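Undergrad: If you read the protein sequences in the order shown, they are chains A and B. Residues in the first sequence are numbered consecutively from 176, following our numbering. Residues in the second sequence are numbered consecutively from -17, following our numbering.
Among the hints, erroneous ones may be present.
Partial list, computed: chain B residues near chain A (C-beta under 8 Å) [as the list claims (entries may be wrong)]:
#1 Pro(-12)
#2 Gly(-8)
#3 Val23
#4 Gly28
#5 Ser29
#6 Val64
#7 Val126
#8 Ile160
#9 Asp163
#10 Phe167
#11 Arg169
#12 Thr181
#13 Val183
Bear in mind the hints are in silico, worked out from the structure with no lab data behind them. What you are looking at is a predicted structure, and each value in this text was computed from that prediction instead of being measured. The C-beta atom is built at its ideal place from N, Cα and C for all residues, glycine as well.
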Amino acid sequence: MPIGVPINPGRVCWTGENPGIMLKEQLDGPWSALALLFRIAWSPQGAGIALVLYEQPDSTATLPHCNNVVITDNQPMAQFLMADFVAKFGVFGEVPAFANMPYLPVTHARTTGDPLGNRYCEAVASDGLSVELVWEKLGRPTAIEVPPELSGTGQHTMFSLLVESREAAIFVNGRRLSGTPQPREQAGLQTTTAFLYFAESWISD
Amino acid sequence: MAPRIPINPGLVEWSGDNPGIYLRDRPDGPFVTLALFFKVVLSPHGSGTAMLVLGAPDQAGTWPQRPNLMITDNQAMARYLVDGFVVNMPTFRARPALERLAFLPLTGASTERHGQRHSERVTGAGLTAEMAWDRLETPFAVEVNPEQSATGTHQMYSIFVEAKAASVSVNGTRLAGIVTDRQLFGRTISTAFLAFSETWVKPVPT
């Protein structure tokens, strides 16, 4: 079994939930829309919610021209996550949109659905900007322990509970962004680019 | 360290936060107050919030005669947690208070965090119950095999944050007991802890 020493000697960097949706219009095309939600139970900067939305990943434009934004109730926590983690999460840190993300305050946040059912939703709003993430065709929950060489940052051990989704959408003020989830492999597991990640912890060796 | 594989093939039973407070009347005395809080994101009975308070763990009575109660917004989930997990935990095993426990409807829940303090408050059925942790320590990750886990049959992953002080109250009355030390996998920690991102997995039979 994967489990080793009962008490991991590493330093806990953060723990919480981290679902996301990555969409493309075609398999070999660019990413058309990206979203990551952090619901943090513990971090050095405290707890909170942060929604990272790239409505136009390939653009450095932001409000009011496009919704490349971070919506959060804890800006220091969100900035920590963006600088130390999202920046290293492959495409999330590589697309032009990453360089120019404004921070907006959360005015509404709500979770609905059942990760063991057919549908799960996260809705986050900041005044006139409303974002809804919808995951459907959910898979079997799988506990994963990803070593540093396979983790998103390449530096941390990551524990998480993955529920994959084979149909997902991002809505901005009721408008569905273009694209669909794509197949991907994570640590040898064939999955998709739409995922629920619960009980996620990042450990620095 | 045992070899690890990234993908656990076991059956995920439930996942969420599961902090606890176990209080004794003196460092070498019996437990006089036991409390667990559950904020579950995934279980066979859905998600939900539940607080278990045993203010008289060795007495069979329940609320309102005794300060023994479960308050929850998902009774099926709470019964699943008590029947499948809590009754098997060494600290709770064979406690008379669990025999006829009242399951009360939860109508409100709130979390407060201020510096080195964390509290969970629930209301419903005319009562308010609160668990509060103070003097929080540095978090650490645990991952245990069935022979090490509280149920004896599951693997469990969690992030623990030890609290050097803690209290449990019902309707503003603080329940008896003090935080003491315990041994956890060769490490001395207190009997009050936050437990975030906890996942219980039933291993695949070998």
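Undergrad: So, for every hint listed, does it hold in this structure?
TA: Status of each hint after checking the structure:
1. Here the hint on B:Pro(-12) is kept, as its CB sits about 4 Å from the closest CB of chain A, short of 8 Å.
2. Among the interface hints, the one on B:Gly(-8) holds; its C-beta lies about 7 Å from the nearest C-beta in chain A, closer than the 8 Å criterion.
3. Taking 8 Å as the C-beta cut-off, the interface hint given for B:Val23 holds, the closest approach to chain A being about 5 Å.
4. About 5 Å separates the beta-carbon of B:Gly28 from the nearest beta-carbon of chain A, less than 8 Å, and the hint is met.
5. Nearest Cβ of chain A to the Cβ of B:Ser29: about 7 Å, under the 8 Å cut. The hint holds.
6. For the restraint placing B:Val64 at the interface with chain A, the shortest Cβ-Cβ distance is roughly 20 Å, beyond the 8 Å limit, so the hint is violated.
7. At a threshold of 8 Å, the smallest CB-CB gap from B:Val126 to chain A is about 5 Å, leaving the interface hint in force.
8. Annotation: B:Ile160 was flagged as interfacial toward chain A, and the flag is violated, the nearest CB pair being 25 Å apart, outside 8 Å.
9. For B:Asp163, the interface hint is violated, the least distance from its beta-carbon to any beta-carbon of chain A being 16 Å, above 8 Å.
10. With 8 Å as the threshold, the beta carbon of B:Phe167 comes within range of chain A, its nearest partner Cβ sitting at about 4 Å, so the hint holds.
11. Taking 8 Å as the C-beta contact cut-off toward chain A, the hint placing B:Arg169 at the interface holds, the least distance being around 6 Å.
12. Interface hint at B:Thr181: satisfied, since its Cβ lies 5 Å from the closest Cβ of chain A, which is below the 8 Å cut-off.
13. Contact between B:Val183 and chain A, as hinted, is supported at the beta carbon level, the nearest pair being about 5 Å apart and thus within 8 Å.
Hint compliance for this structure: hints 6, 8 and 9 are not met, and every other hint is.
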